[in-house]
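In the order they appear, the protein sequences are chains A and B. Position 221 (the first sequence) corresponds to 221 in this note's numbering; numbering is contiguous. Position 54 (the second sequence) corresponds to 54 in this note's numbering; numbering is contiguous.
What the hints contain is simulated information worked out from the structure, not anything from laboratory work. The structure displayed is predicted, hence computed values, not measured ones. Backbone N, C-alpha and C define an ideal beta-carbon position, used for all residues, glycine too. Heads up, some of the hints might be wrong.
For the chain A half of the interface with chain B, some residues (derived, Cβ under 8 Å), not all of them [stated by the list, open to error]:
1) Ser268
2) Val278
3) Leu280
4) Ile294
Derived Cβ-Cβ restraints for the label pairs, each shown as a range [stated by the list, open to error]:
5) Gly105/B with Phe94/A: 50 to 60 Å
6) Ala30/A with Ile104/B: 16 to 26 Å
7) Asn81/B with Asn194/A: 50 to 60 Å
8) Arg111/B with Ala88/A: 21 to 31 Å
9) Ala79/B with Tyr44/A: 58 to 68 Å
10) Ser244/A with Gly105/B: 27 to 37 Å
11) Val136/A with Ile59/B: 19 to 29 Å
12) Pro26/B with Ala81/A: 27 to 37 Å
13) Val136/A with Gly105/B: 23 to 33 Å
14) Gln42/A with Ile104/B: 43 to 53 Å
15) Arg84/B with Ala70/A: 18 to 28 Å
16) Asn194/A with Asp181/B: 47 to 57 Å
17) Gly101/B with Ala274/A: 48 to 58 Å
18) Arg84/B with Phe94/A: 31 to 41 Å
Pulled from the structure, derived: some chain B residues nowhere near chain A, Cβ distances all over 10 Å [to be verified]:
19) Leu17
20) Ala21
21) Leu56
22) Ile64
23) Gly66
24) Ala100
25) Ile104
26) Val107
27) Val122
28) Leu139
29) Gly163
30) Leu166
31) Ser169
32) Glu199
33) Lys207
Single-letter residue listing:
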Amino acid sequence: MPLALALTVRIGLWLLLAPLLPGVINKVKAVVAGRRGPPLLQLYYDLARLWRKEVVWSTAASPGHVVAPAAAWVALVVAAALLPLGSAGAPLAFRGDALLFVYLLGLARFCTGLAALDTGSAFEGMGAAREVSYAVLSEATVITALLALSAQSGSVSLAGMFGQTAGAGTLLLAAGLFVVLLAENSRVPFDDPNTHLELTMIHEAMVLDHSGPPLAVILHGAALKLLVFAVVLVEAVLPLGRLSPLAAAGALAGSITLVAVGTGLVESLMARLAFRRVPLSLVTAFLFCLFALIVAWRGDA
Amino acid sequence: MTDWMNLLIGFAMGLNLLALASSRLPSIIRTAAVQGIVIGILPLLIEPELRALLLLVAIATVVIKGFVIPALLFRALRAANIDREVQPLLGFTISLLLGAGASIGAVVLGRLLPMRPEDAEVLLVPGALATVVCGFLLLIGRAKAITQVCGYLMLENGIYLFGLLLLGSVPLLVEAGILLDVTVAIFVIGVVMDHIQREFDSLDTRKLTVLRE
């Protein structure tokens, strides 16, 4: 298959399937609470509805208010295109693309924070400050997890790191990456996505003043980021590279659904952590990945 | 066998960090209890044949460290009516990072020390050093007397791990000595904590630093 076609199909798959994950999480939360909950395709309907609305601007905002969410979305799409999917590998792979992956995620967060500060409102600035202060610890964790995978597999490219046989530190890595998934995607116990109190918001506060298509782009980007982290978690743990293509695709889909169900269960069964206790849990996730790195490193020597 | 021992010792080292990060006193007591049980069954994995004395000491260690001493500490906890360490002298995050650094340093140090080949691949020496340092961090970094007692218990667990190196040549001397040591110490500390609680109506050891009529 020529590269352009493969890339288009790959990216189309990511864009189309990303909004399913928040739907699964909300359905699980509703079932645990004894309700029927919103339909699984709710985010698709929301995105279609938002696309038809007009943009309402803050008087203090510059054009960066609309450009920044688009830039963040493009960064997330490129980061998703870099990831290998099961045994299909990655269409664009080169040495050191793991570093580009981390920086693209950082760029997406930077653009979202910039758009938040651009509105000139206090709530957005507060949300942006909280988000980036958690990002210090969660990005360190992601980098350590990628280092552990690189030490385990001996490769500096994402396509070589994932899909390897499970090492001794796999359980530690899985625990650390799951906590990072919850932190980066603003899930309980780090942030409650259903809160309506602005002073308690972190990620939702950053998007308070967006409306219409930019908000749709931000919501889709958030769903894409959740899918990216779920794929990273599943591929770091399961040795998908050794299965046949169909079995690998099935295992990938099943495990991602399992991660979404797990996230929904954690959201339903746990309370949100007080702000002063969040650095401790992020440091714990960092130490999980650090010990996975040391196990991978020491296991070689 | 080495893999199972490394798994158990690795689990004990993880429990160290769990106790350092925890602010709730019941969970710190339970962590020290589980750690005592885990290292109590280690001699059964080291020795290839099962002697009666070995089994007796292992069962005594598990019962005393895992059930009797935690029961005494829970009774003291109920009498003192507290369940949380509110303001430690050394913060939770910093003590967790120091404990993790000590665990990593212990593993590095364990590879530099000259040991017999069969001891070098087991995590006994690194686990012992890490547990001693983490127990010590708990002992000096916290203000509540019960946490300090749990730190002391973890310290003794670390020394016990070190003593397991001598299991082949001087069987169970160190283990039995530590068991006696811990039992007597806990009884004495229990009496002392009762007196502190009656006098100051609190187990915060910072109140002991003030001379008062």
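- Would you pick out the hints that fail for this structure and give their numbers low to high? 1, 2, 5, 6, 7, 8, 10, 11, 12, 15, 17, 18, 19, 20, 24, 25 and 26
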